[in-house]
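Engineer: Chain residues, written in single-letter form:
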Amino acid sequence: MNTALVARRAFSLSRQQLFGLTFLIIAGAMLFLFALSSDPGQNSTFVLTAVASAQKTELPDLVLPTQATIFVLTFIVAFFGGWQLARGFRAVNALLAVIIFIFIFAFLTWADRGRQFNLTGMLIASLVRSTPIALGALSGILCERAGVVNIAIEGMMLAGAFSSVVVGSATDNLYLGIIFGILTGGAMAAIHAVLSIRFRVDQIVSGVVINILAAGLTSYLTERFLSVHQELNDSGALRPISIPFLVDIPVLGPVLFENTLIVYSMLFLLVAVHILLFYTRWGLRTRAVGEHPRAADTLGINVFKMRYINVILGGMVAGLGGAYFTVGSVGRFDELLTGGRGYIGLAAMIFGKWSPFGAFASSLIFGFADSLQQKLAILQAPIPSQFLGMAPYIATIVILAGVVGRAIPPAADGQPYEKQ
Amino acid sequence: MTIALEARNITKRFPGVLANDNIDLTLEAGEIHALLGENGAGKTTLMNILYGLWQPDSGEIYVKGEKVVFQDPSEAIARGIGMLHQHFMLVPVLTVAENIMLGQESVTAGIFLDRVQVIKRIEALSQNFGLEVDPRAYVKDLPVGVQQRVEILKILYREAGILILDEPTAVLTPQEAEELFKIMRNLAQQGKSIIFITHKLKEVLAVADRITVLRAGRVVGTTTPQETSEAQLASMMVGREVILSVKKKPAQPKEVVLEVKDLHVLSDRLNPVVNGVSFVVRAGEILGLAGVQGNGQTELVEAITGLRPAVRGEIRFLGKEITNAPPRRVLERGTAHIPEDRQEDGLVLPFPVHDNLVLNTYYRNPFAHGLALQEKAIVATAQDLVEHFDVRTPSVFVPVLNLSGGNQQKVIVARELSRPIRLLVAAQPTRGLDVGSIEYIHQRLVEKRDQGCAVLLVSTELDEIISLSDRIAVIFRGKIVATLEASGAAREKLGLLMAGAEAT
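Going down the list, the protein sequences come from chains B and E. Position 199, counted from 1, in the first sequence is what this note's numbering calls 199; the numbers after and before it change by one each time, with no gaps. Position 461, counted from 1, in the second sequence is what this note's numbering calls 881; the numbers after and before it change by one each time, with no gaps.
Please keep in mind that the hints were generated in silico from the structure rather than gathered at the bench. In this text, a Cβ means the ideal position worked out from N, Cα and C, and glycines have one as well. Among the clues, some could well be false.
To be verified - Now the in silico label distances, taken between C-beta atoms and shown as ranges:
hint	chain 1	residue 1	chain 2	residue 2	range
1	E	Arg-736	B	Leu-21	36 to 42 Å
2	E	Arg-428	B	Gln-415	34 to 40 Å
3	B	Leu-217	E	Asp-561	44 to 50 Å
4	B	Leu-213	E	Pro-435	37 to 43 Å
5	B	Glu-418	E	Gly-485	56 to 62 Å
What the hints assert, rightly or not - Result set (DSS-like, lysine-lysine): computed pairs, CA atoms no more than 30 Å apart in a straight line:
hint	chain 1	residue 1	chain 2	residue 2
6	E	Lys-913	E	Lys-560
7	E	Lys-487	E	Lys-669
8	E	Lys-560	E	Lys-602
9	E	Lys-560	B	Lys-305
10	E	Lys-913	E	Lys-620
11	E	Lys-913	E	Lys-602
12	E	Lys-602	E	Lys-484
13	E	Lys-560	B	Lys-419
14	E	Lys-674	E	Lys-740
15	E	Lys-560	B	Lys-353
16	E	Lys-487	B	Lys-419
17	E	Lys-540	E	Lys-560
Okay, chain B solo, but in the shape it has when bound:
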């Protein structure tokens, strides 16, 4: 008998146990890294009122005893870990997200000991920074649900970012800039659509081509053109619009109801894409085309048309995400300023299992990681800033490495359709 095989099976851990152990290790890390290295007398102060907000209400600061708080959090994580090891939870991914958040909160409490930290500000930054990622993820969902892999989100964003700032500066109208950003994204997507649908080019190759094209073209134009005509690279940025009354809700108000148009659009698109995908004729056909195009074809659905529409819509959403980087935040274009957010959006889409809300939730994690590094630099946490800068990318690797389990893509994702 194969003793080696049997032995390997006996000692191998199930996924459930692996998660349980991971949680316990996290609890241990919290205990040793945070709890035991803080003094009993220290307090962590969290400011809950946003700075420079239209909010009228003011909340008192949240003051927590550092060590006691971390002990409590450690205990919660250890309990979940033990339970997971012994019994197992059903929604392991959700639990993982909760535990990561607890870990991060413990970390913040520790980093914040004896200091002040604006929690609401951090949440605002998280949502804002997750906006392009969520738009990238929505773009990916639109394309991949119809069966076209889109790794060109990054390139579409870059092109959108560039054209929106140029048009915004030239016309002095930010909204016109945004519209052009959207159209540019759609145009890039049209190239991807023609290559991968009409000519059945490998969709990864086509996506890479578009990314390289966008990176090369925008860099070249910036260097040769925008550096000479600086006035075309200075559009100014969108200002947040605060919604009366709603903005006065404590904490949530400034986070959700005092944002720029692009953030509101992202939230709107999130809900809209969800409803469209799951409750409309268009959504049903999109999903059918992405899962089993032949079946859709035999029922008289035009597979090619559905895919063209979806890919181009997806590109337009990515273009809007691109506009965030320029007219939505800093008002100028720099070479490669999207910094891989399009790829992270793709990761968020996979982590969110190709569903809009799932993708949004994971975008928030990435956005949070992104804003974390910025805030920690202010807190002067004793961690090299380069490491903090790695946070969103590490989160991507960890998530894509499959810790979160197998996500099942649409069955025909990436397969060109050919009529018989």
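Since the structure of chain B is provided, determine the placement of chain E on it from the hints.
Structural biologist: Just chain E, lined up with the frame of chain B:
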């Protein structure tokens, strides 16, 4: 009787092939019309033309007396023609209702799906035609027989009067097939016209009102079940006399050649699919392993031939353990393997016939001296084998790719049976073959048995199992649920066992 559909002088050419040659076909309202023919006889071509997937080179189609030209399936659907495809056209992750309404969705406010309305309609249809199914269930959770009902509902939902069923029983257990026939009769009674495509003679006689036989793209004749017999239909299909039942002497089992004990094997997705299988095959007997596709047969055969690791249990060959032995050692001991998927696992399609004939002996004398292949010896042996096993090929230098399915299978059989072997593992050896080739393969299997070889025959075709086997083992969900003497095994009982009924 009114005529529902008529095809006149349909001709369709493909490069090098005349797929349909002046075919006439009339379908009366409320009849079940069987279209019988071997693979490549032109049945599927004709149906794809009637369904608008292809356009004929010449000829006309009339629906209810009115001349029609279909550019694509949606026009055929609009004329009330529905097609049940051989491979289901269902989206597994969608619900039954979503699959049925796809393409003809009921909507509110112009875009929102009206699921309630659709489910109501499906329930009414289910009731009318006796097609029980839960519209809210996800298709991926349904057994094959029920999925087929969903396909039929899909056609009825589009208010089709003409149903084309393309080999609908290929994926069903005998009980499910019975169930389908009931549904078909019920549909015909309510005025629906059905074209039933198949190459199974028994089914045709059981359910059809009229039978049209195609051969090599032409109509050979039209008849009724009362006027004809299985033997006559078979000779119409093939064009010569065919021996349908396999002649064989009683088996004389001798020593145990293959012994499988408590074998456990995982699938590609690491699910346990063979769960503690034990059996023996003796020299001079054929053990038939019956089961519906996907019950672990594929993985079991791969484990026996060394292609897939067994996680537990043991496999013995003439008393010596060969569990997880490399495939070459397994075959050098004297095992021959006719794989389930001949194009994927049995042949290297772009290679010429002669290379395919030495795929498992090329490294040995006389085919190789040291590192060099002996082309002459290979070609000479190949020519002998081609002649001896009646492989129809222009020469041994032709890529196997260009041969018909039956002749491809003969190349495999020639390669495997020409070695000195003690065990033959034949997985689905006649799948997709025409009656003539089936007859040939069956004779070879029985011949090997009579020479004292142990034969393990894995098949999903109950007829094949019954006519060839000396003993029959039934596999269900990775377990052998029963082992019977072939003489005492009734069709119905085997069918029930294959469907998971408890052995009594």
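Engineer: Is the hinted pair Lys-560 of chain E and Lys-305 of chain B satisfied, with a Cα-Cα distance of at most 30 Å?
Structural biologist: Given pair Lys-560 of chain E, Lys-305 of chain B holds - Cα atoms ~27 Å apart, limit 30 Å.
Engineer: Is the distance from the Cβ of Leu-213 of chain B to the Cβ of Pro-435 of chain E consistent with 37 to 43 Å?
Structural biologist: holds (39 Å)
Engineer: Decide if the proposed pair is consistent with the structure: Lys-913 of chain E and Lys-560 of chain E, CA atoms, cutoff 30 Å inclusive.
Structural biologist: holds (28 Å)
Engineer: Could you grab the alpha-carbon distance between Lys-913 of chain E and Lys-620 of chain E and see if it respects the 30 Å cut-off?
Structural biologist: holds (20 Å)
Engineer: Lys-540 of chain E and Lys-560 of chain E: Cα distance at most 30 Å?
Structural biologist: Cα-Cα ~22 Å, so holds.
Engineer: Between Arg-428 of chain E and Gln-415 of chain B, is the Cβ distance one that fits in 34 to 40 Å?
Structural biologist: Since the Cβ atoms of Arg-428 of chain E and Gln-415 of chain B sit about 39 Å apart, the hinted range of 34 to 40 Å holds.
Engineer: For the pair we were handed, Lys-560 of chain E and Lys-353 of chain B, check the Cα-Cα distance against 30 Å.
Structural biologist: holds (18 Å)
Engineer: Taking only the CA atoms, is the gap from Lys-560 of chain E to Lys-419 of chain B under or equal to 30 Å?
Structural biologist: With a Cα-Cα distance of about 25 Å, the restraint between Lys-560 of chain E and Lys-419 of chain B holds, given a limit of 30 Å.
Engineer: Are the Cα positions of Lys-487 of chain E and Lys-419 of chain B separated by 30 Å at most?
Structural biologist: holds (26 Å)
Engineer: Is the hinted range of 56 to 62 Å satisfied by the C-beta distance from Glu-418 of chain B to Gly-485 of chain E?
Structural biologist: The hint (56 to 62 Å, Cβ to Cβ) is violated, given that Glu-418 of chain B and Gly-485 of chain E are roughly 36 Å apart.
Engineer: Please check whether Arg-736 of chain E and Leu-21 of chain B have a Cβ separation lying inside 36 to 42 Å.
Structural biologist: Holds, at about 40 Å.
Engineer: Decide if the proposed pair is consistent with the structure: Lys-560 of chain E and Lys-602 of chain E, CA atoms, cutoff 30 Å inclusive.
Structural biologist: Judged against 30 Å, a Cα distance of about 24 Å means the pair holds.
Hint violations for this structure: numbers 5 and 7, all remaining hints satisfied.
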